[in-house]
Structures are given as structure tokens and as C-alpha cells.
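Chains A and B supply the protein sequences, listed in that same order. One point on numbering: in our numbering, the residue at position 21 of the first sequence is 21, and numbering is uninterrupted. One point on numbering: in our numbering, the residue at position 52 of the second sequence is 114, and numbering is uninterrupted.
These aren't lab readings, by the way, just hints derived from the structure by calculation. Keep in mind that a hint or two might mislead.
Unchecked claim - Derived Cβ-Cβ restraints for the label pairs, each shown as a range:
| hint | chain 1 | residue 1 | chain 2 | residue 2 | range |
| --- | --- | --- | --- | --- | --- |
| 1 | B | 195 | A | 54 | 36 to 42 Å |
| 2 | A | 54 | B | 124 | 53 to 59 Å |
| 3 | A | 9 | B | 171 | 53 to 59 Å |
| 4 | B | 132 | A | 9 | 25 to 31 Å |
| 5 | A | 13 | B | 189 | 41 to 47 Å |
| 6 | A | 54 | B | 95 | 41 to 47 Å |
| 7 | A | 36 | B | 207 | 50 to 56 Å |
| 8 | A | 45 | B | 104 | 38 to 44 Å |
Ideal Cβ placement from N, Cα and C applies to all residues, glycine included.
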Amino acid sequence: MDEARTPAPFEKGGQAVAEQGIVLLDGPDGIAISMTADAAEETGSSLLEAARTARAQSTARG
Amino acid sequence: MRSMELFLRNRTIAQLSEDERAMLERAVTERRRLPARSTLLERGDALRQSTMLINGFMIRYIDDLEGRRQVVAFHVPGDFVDLHGYPLEVLDHSIATLTEVEIANVPHSALKQLTDRDAEFARKLWASTLLDAAMHREWLFRLGRLDAGGRVAHFLAETNVRLGAIGRSDGSGFDLPITQTDLSEITGLTSIHVNRVLRMMREERICTFRSSRVEIADLERLERIAQFDPTYLYVKAGVPGSQAATMETSHG
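So that you can see chain B by itself, here it is in the shape it has in the complex:
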């Protein structure tokens, strides 16, 4: 698969032409695999390149003074994990793999050349970082306003749509090779709390998360518990899971 195959697929916020995709592909200097549970970049690292996630899952995280981790972003294939690092030049969080991954590196010097000569292409790269920002805002809402069930449901509903946009979910199920500890760090809960929530969702026939696979039996109810509205993901109509459940009130 081409390194840039999944980048901005099925998004309304920006669409790459095949020429633009090929241009970005030519800027890749290295493709490599990383093992699961490995740190790619530490908070404070200076950056010289941006990372495209081709396969696998990665996270951005911040550890507190006692080493407890809060995941601040979860990345799926097709994500430019640290494109925002190009203008920022120094990372304010750490990046690690959850699973074995395949990544492609694009030097910042190449991004500069591409964006200097093509303002529209630069706008599209900018738009992709704004997608990250939109998710950050939604994660703030998730952690600040939703109870344990809502937080887990929201993450699963969101991931369902994100993977649907790249053809990795059919709207009712997807592979998610992460642990309950990972899920606890994503949702700001303990593993015990996550375990209880998942058990309740299974018993109430909403969804199951077992053997690295999420199966959604009742998407409408999952999205209602999550107060999930996929508008912030800017996916095209027809992407599996992108039809939001009817909500009595909107948090947007």
C-alpha cells in the first residue's frame, strides 16, 4: 500500500487529488516498522520530520508526575501523527506505538518545499491538523462531561467512524488490538472501571470488546450513551457509523 493511501480519505474538510497524493508520496524518505509499546518521540524532542501512520495504532500521551498516563490522542492508519510538529518544531507530548506499526517519514524540509510553492496544498495539510484539534475539543468534552459509560462509548463510536472512513470498519465491527489498560488511559478511568463498563455493555447487548475485536450490536444506543455527534470528524455522508443518533439536546 502507498504510504499516503489513507490520508484524508473520505473527509469533507479537505480532499487530496491523486497528483497531490503522489507529490506527498515522493516526499517520503523512509518507511519502517516499529514494535508494539515503543516510544517514537518524547515530550521536548526537537522535530525534523513528520510521521504518517500506514498501519497499526499509535497514541500521543502525557504522563503525570507519578507516571500515570493520560492519552491525549489515538491514531489510526492514514493519520499524520505529528504534522503539527512541522510549525511547532518541538513536541509538547510524547508519541508511542500501541501495536506493531508501519510508518513513513516526511522531512520538514520537504514539507516546506511543497507548501511554499502550493498554497492550496498547504491549506489541506493545515486542515488535517485542524481535524486533530477538533478531536481534542471533543475529547475535552468526553473527559469533562461524560461518565464512565459515556467515555468508553464515545471512544468506541468515534473509532468506529474513523475506521469506517478508511475502510477498516463496516459500521458494526472493527479490529481494535488494544488492551483494557490502553482503554483506561484513553478514557481517564481505571482498568477495573473499564472492565465493568464493558461488561455492562455486553450484558445490555450494546457492544462487545473481546479478543481485539469490537462488535456493535446497537449502534444507536451506543451513540446515545456517548452523546456522540460525528460532525467534528468531518467525514463524508455514507461513511459507516457517521449517521448520529437522534439526541434530545446537542452538546455542540
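If we strip away everything but chain A, and leave its shape as in the complex, we get:
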């Protein structure tokens, strides 16, 4: 499999919107999900925490 087709982390974030009291997340790529506001907040917090950890890991690796 050539490098261009090796699955890689997405560099562009998804877009979240509110619709009829539900959060819709589109992207990146094939992600298309709906969540309650509570679930979206929980997911968002989890993503932020993981992003902080990932940045620290990247920094540690140099």
C-alpha cells in the first residue's frame, strides 16, 4: 500500500451544529453522528483532554 493511501490521522476537524436540541457532528471524513447536548459536552471534554495529552506526547517525543 503506498504512503498516500496509508490511513493517517485527520488534520482537519469536524463541524458540530445544533439542530432541534441535538448536536450533529459532521466529519472529519465519514463521521456523521447525532448526540444529545449532554453526550456532546462529554465527548467534547474527552476530546479536549485527549488533545492536551497528545500534544504533550508529541512534545516529549521531540
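Here the structure of chain A is known, so what remains is to put chain B in place on it, guided by the hints.
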């Protein structure tokens, strides 16, 4: 209309002669109507016959442990809904009607007789199951790689071509008597998400889906959003909707 009138119409993968069509017609033992929203077969059912869809729309689906449904195939008139059940003998998914339908049953014993004596006819029936397989592969791509807009657009573009092959779409519009919930189960989205996508498509003058009717205002843009290339449908040139939009990259 004859039960087999629409089977493999306008497909390049296999074409039935009128004699073959008549032969299959004679193998039909029963024609009947089923109401909308009724289950024809459940996952795990043993099969003794295959079902030709004459009129209406049907789905094949799998429910998860919490009862949420994923539609794994959408059937239009002229489809042999479970021809693959002949060699498989047991169904690995469920089959239900979305609308009132008319179906014709062909016993597996009759299919065996026909295919035992005519290898070319057997190849054509095999080819029709491969059409299903091609759509399954494309649906995998749709659900795995396309965002909400792409998934809805892809389903509409695909249905446009499939119905065009049987004369039920002129390429710019077709009847589609399904609900937004059905569309959500087909595309792996929630109804709210589908509703938003359809609203955006309407506001951007791409297509409308209203009162069981799809009207496509901008087919090229619909197909571009869908990354739609109809090659996998194996339809003859000239079938409405079968000219793919120019794509910068091909996923094929």
C-alpha cells in the same frame, strides 16, 4: 405486468432473452401483495423460494442488540430480493417491505431445474447477485467515507440511476414513498441529521425530497457531493442519471 418484466433491464452485466424471461416467468408459483411495513423473512429463516419484487420498495436490514436498524440493501422493482438465498439456504439478515408491494415467488426447486440444464442462464442469475454485491461494496464506501450530506446524496443519486434503468426516473425526478426515518436507517444517520441535510439540499437548490417525490435540480452537484460513479451499477449508456459527474479523484 409480467413478474419478470423489469429483471435485469438495461444492465450490461447480463441480459435476458425473451425466452429466458418467459422461462423464469413460468417458474413463478405465486404472486401476492404485502402491506407496507411488514416483515417477509427474519434473520436465520430457512429459505425454499426466492422473491421477485414487482412493485413497491423493500429493504434488507440487520438490527443491533438495542433494536436500532441498519438497512443493508434497498430494493426497487425488478430486483430479485433474495436470489442469493438459493445457494445460501439460510438468511443472514431480515427482509421487510417499506411500501405496499407486489411480489412473485420462485421455488428453489424450480431454480435448480432451470440452472442445472442451462449454464448460461445460471451465469446470468449469478450475475444479478453480483450486482447486489457491487452495491454492498459501494454502501460500505458510503457509510465508511462519506459525511452526512454525501451519504444522502449518494443514496439519491444511486436510486435515480436504478429507477432510471426500469423507466421509473427520467433522470431528474422519481417517486420515493419512504420516510425520513427510512432514509436515516439507510444512511446510518438520525432523522434529525437527515432532515438538516435535506433542508440544506433544498436551500442550495440541489434537490428536494417532499411528498414522496425526489426532484433533482442540479444532478452534477448532487453526484459530486456523493462522489458518485455509477460504474458499479452496470447500467447501459443512456439510462437517465448514468453519466457520472466529473470527479477530481476517483474512489474506484
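Each hint, compared with the structure:
no., hint, result
1, B:195 x A:54: 36 to 42 Å, "holds, 39 Å"
2, A:54 x B:124: 53 to 59 Å, "violated, 35 Å"
3, A:9 x B:171: 53 to 59 Å, "holds, 55 Å"
4, B:132 x A:9: 25 to 31 Å, "holds, 27 Å"
5, A:13 x B:189: 41 to 47 Å, "holds, 44 Å"
6, A:54 x B:95: 41 to 47 Å, "violated, 58 Å"
7, A:36 x B:207: 50 to 56 Å, "violated, 26 Å"
8, A:45 x B:104: 38 to 44 Å, "holds, 41 Å"
The structure shown violates the earlier hints numbered 2, 6 and 7.
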